[in-house]
Amino acid sequence: MLQTVEDDILLQYMYLCANPLRGDAQIELEYEQLKNHPRVTSVAFLRPEVLMVQTDKIILSDKGKRLIGEFIIFLIRRQIAGYWEVDFRFWNVSNPILIEADDPEATDQDVLFIHPHIMPAKDELLGCANGALCISKGQFAVYQHMRKGEMHLAVPCLIDILESYPTGQPYYDAYEWPLWKGEKDDA
Amino acid sequence: MTLDIKRHRSVFNPDIFHMPISVIGCGGMGSRVAEGLVRMGLGQEGKNPISLYDHDSFAMHNLTNQWVSIPHLLKMKVKAVRSQMLEINPQADVIDRPHEVRGEIPLEGVVFICVDSMDARRVIVDEVMEDRSRVKCIIETRMDAGVGISHCFDPNDASQLACWRMYWYSDDEADNMQGCGGAQSIISAIYATTALALKQLEHFAVKKSTKKMQNRVYQDFDECLLRSEQWPSA
Chain P
1 MLQTVEDDIL LQYMYLCANP LRGDAQIELE YEQLKNHPRV TSVAFLRPEV LMVQTDKIIL
61 SDKGKRLIGE FIIFLIRRQI AGYWEVDFRF WNVSNPILIE ADDPEATDQD VLFIHPHIMP
121 AKDELLGCAN GALCISKGQF AVYQHMRKGE MHLAVPCLID ILESYPTGQP YYDAYEWPLW
181 KGEKDDA
Chain Y
1001 MTLDIKRHRS VFNPDIFHMP ISVIGCGGMG SRVAEGLVRM GLGQEGKNPI SLYDHDSFAM
1061 HNLTNQWVSI PHLLKMKVKA VRSQMLEINP QADVIDRPHE VRGEIPLEGV VFICVDSMDA
1121 RRVIVDEVME DRSRVKCIIE TRMDAGVGIS HCFDPNDASQ LACWRMYWYS DDEADNMQGC
1181 GGAQSIISAI YATTALALKQ LEHFAVKKST KKMQNRVYQD FDECLLRSEQ WPSA
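Line order of the protein sequences matches chains P and Y. Using the numbering used here, you'd call the opening residue of the first sequence number 1 and step up by one each time. Using the numbering used here, you'd call the opening residue of the second sequence number 1001 and step up by one each time.
No lab work stands behind these hints, which were simulated from the structure alone. Predicted model only: the values in this text are computed from it and were never measured. Hints should not be assumed to be uniformly reliable.
To be clear about the criterion: a stretch of chain Y counts as covered by chain P if any three or more of its residues have a C-beta under 8 Å from a C-beta of chain P, and this derived list gives those stretches [to be verified]:
1. 1041-1053
2. 1167-1173
3. 1185-1198
Simulated DEER-style distance windows between Cβ atoms [stated by the list, open to error]:
4. P:D7 / Y:H1099: 49 to 57 Å
5. P:Q109 / Y:R1227: 21 to 29 Å
6. Y:D1172 / P:A18: 50 to 58 Å
7. Y:S1228 / P:A44: 49 to 57 Å
8. Y:A1234 / P:P38: 33 to 41 Å
Glycine residues also receive a C-beta, built at the ideal position from the N, C-alpha and C atoms.
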């Protein structure tokens, strides 16, 4: 029987999330749970060790409900010498804010802000512009889930974090993003 | 005078436990583990001698958490702990090694890893124990003020080793977390985590194996929550 794209993604997911404590059937259930998360719109792979999870609109719960945009969350899990290295990155696919350099001739460069609390960065691991979230202590729980291949638990944590507005200095002020006025604005 | 162990002999009998024991790190966890071992009647010459490893000395701030009293301040931890162990059982066979654990003397039997950094744990398992064929059981503890964790596994079992490695993280990550020799610790957490580790030793002693036992025990002290996990065996 021909293998569908969906089958292929599931196989890659099972490889990515391999864990001696959980069998294939359990991982398959967790994959379904991830896909069925109400905020997740699609799941795909950039590379075998990089899962991409797309979200619907991220709207900050604070700051008068700012529409930040739809995100791709990159979840990286790879095994090196028996140990798991994990990390995550973000990309705003619909509503980033570009700040152009004042003087294109000078060394200044354009900067793309994708979330008030995500540091603009270009990542060699992913080979594209993306951002690392400043979430301080929150990252430990997410890393723990990822190290165990529990992406279905890590992603909801990350979506919650994207939608909240942590205290402290943002990289770019939330007020620069448009106010969210409901689905009718989409038309 | 010999140590009278009649109150626990039916639960744990050190006379039939034939395996050397090493305690790596004699700080908050390691000194309490060492105390527990000698009170359990371990440290019998020719049966279950105890080796202590630590390169550090006791300082004033250790009085709150570690097994040390004022006369032992500024002494090497292994010397002071050994001395206190002998006050409990003068016949105990306790070897003090006042340096970091290295590979010159191969580790064997049961190894308690009670060090305060994640990187050190990894070095001990992967480098110091490069030849780990004589190690039958590792009991590795982590704790801070709110959480205690004890892992008990056979490093020669590929599946159990893979499980342990899955719970390893870098020291950078540990700075943002709970449960790894964090800067914040309190005696209640140390006692509770020591109890987890010594219970795992009891279970290992009964089964003579790390199979079919709770290999990871996690306790959140503030939430009064205990979780445990049995790891598969290769």
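Here is how each hint holds up against the structure:
1. 1041-1053: With 0 residues close enough to chain P, the hint is violated.
2. 1167-1173: That given contact holds, which follows from 4 residues of the stretch 1167-1173 of chain Y lying within Cβ reach (below 8 Å) of chain P.
3. 1185-1198: Violated, because only 0 residues of the stretch 1185-1198 of chain Y bring their Cβ atoms closer than 8 Å to Cβ atoms of chain P.
4. P:D7 / Y:H1099: 49 to 57 Å: Since the Cβ atoms of D7 (chain P) and H1099 (chain Y) sit about 56 Å apart, the hinted range of 49 to 57 Å holds.
5. P:Q109 / Y:R1227: 21 to 29 Å: 48 Å, violated
6. Y:D1172 / P:A18: 50 to 58 Å: Once the Cβ atoms are compared, 25 Å apart, the range 50 to 58 Å for A18 (chain P) and D1172 (chain Y) is violated.
7. Y:S1228 / P:A44: 49 to 57 Å: This hint is violated: roughly 36 Å between Cβ atoms.
8. Y:A1234 / P:P38: 33 to 41 Å: Given a distance of about 40 Å, which is inside 33 to 41 Å, the answer is holds.
Hint compliance for this structure: hints 1, 3, 5, 6, 7 are not met, and every other hint is.
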